[in-house]
Amino acid sequence: MALSDLTVEAVTAAVDEFDALGRESFLDKYGFGEAKDYYVVRNGIAYDSKAIAGAAHGYLPGREALRSGDFTGGAASVVKRLRALGFRVPPNRAPTWVRDELILACDLVVQNEWRVVAAEDPRVIELSALLQSLPFHPPETRSLTFRNPNGVERKTGDLVSNHPDYKGTPTNAGATDRQVLGEFIEDPAKMHRIALRIREAAESSPDEVPFLSPEVQEDEGAVEGRLLQRVHYTRERDPKLRQRKIDSFLRSHDRVHCELCEFDFEARYGERGRDFIEVHHVVPLHESGPTFNKLADLILVCSNCHRMIHRGTPWLAPDEVRDLIG
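Per full-length UniProt numbering: the sequence shown = residues 1 to 326.
No lab work stands behind these hints: they were computed from the structure.
Please note: incorrect hints may appear among the correct ones.
Subject to a maximum C-alpha distance of 30 Å in a straight line, what follows is the list of computed DSS-like cross-link-like pairs (lysine-lysine) [stated by the list, open to error]:
hint: 1; residue 1: Lys29; residue 2: Lys80
hint: 2; residue 1: Lys80; residue 2: Lys36
hint: 3; residue 1: Lys190; residue 2: Lys294
hint: 4; residue 1: Lys240; residue 2: Lys294
hint: 5; residue 1: Lys190; residue 2: Lys167
Please work from the sequences and hints to get the whole structure.
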């Protein structure tokens, strides 16, 4: 009697039997109650994980099904084995809300005049679908109720109850919740623009939001959120955009160099350094929108100056970098 003996075939057979009998009859047959925390998910259907494991044991050659009291369920036993076999068992808790998600939720609260927005409200249902489409949380980190309408309603309640003017007892909101809340109170128009840009990026540019390459680190506290940062970085790496800016620069300069520190890669490295340069978009995405169409809004920068611009929050303006250089 060991969960380590379970096979893909045995678990699959148990899931098939669950489908044939239905949840109530299946649980009654094997002596299990409904799962509280963990479920196996197949084709979008959730199956009580411990009951599936117990029944699957009976599909092993020469073995009998296990009853609920015969073994321990949970993350360290049943869940671990089922995941090892390749089955999807979502975590029992949803991941922490990231800044972008909170901006969208707080924007909805502001539009609702700082009142909780109910789960059945069409705006909550729409926001739930949008949050589920965002690229911040890999599938294996998402609970069965990940960002569902009830969860969105609860988050709007967290934000409302932590407003300084709220008369009741506040919920235990996180530090990022309170930070985003404070920024909406201080400058609601600016934060609304950021929320709109996040929506635009999520809905119109899904292919332009890959995970960042290792050499560029996201600043999770950046006012615009991580999604707009990703769009920003991806657009700056557009080879056609970069070449257009270089061509424009060379119409008035002999060679390409950093417009901040004046480092010249060709002068330092010879032919190997010719036209080696990065581009930076100087207008924040919440102001410019998701489209770059003005070369005047781009500057040529060396990799060091570019990293200094993006290091920390808020990002530095070109003149601020020049002042640091002296």
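Tested hints:
1. Lys29 / Lys80: Since the Cα atoms of lysine 29 and lysine 80 sit roughly 24 Å apart, the hinted pair holds (cutoff 30 Å).
2. Lys80 / Lys36: 16 Å, holds
3. Lys190 / Lys294: 22 Å, holds
4. Lys240 / Lys294: 13 Å, holds
5. Lys190 / Lys167: Distance ~27 Å between lysine 190 and lysine 167 Cα, so the pair holds.
When each numbered hint is compared with the structure, no violation occurs for any of them.
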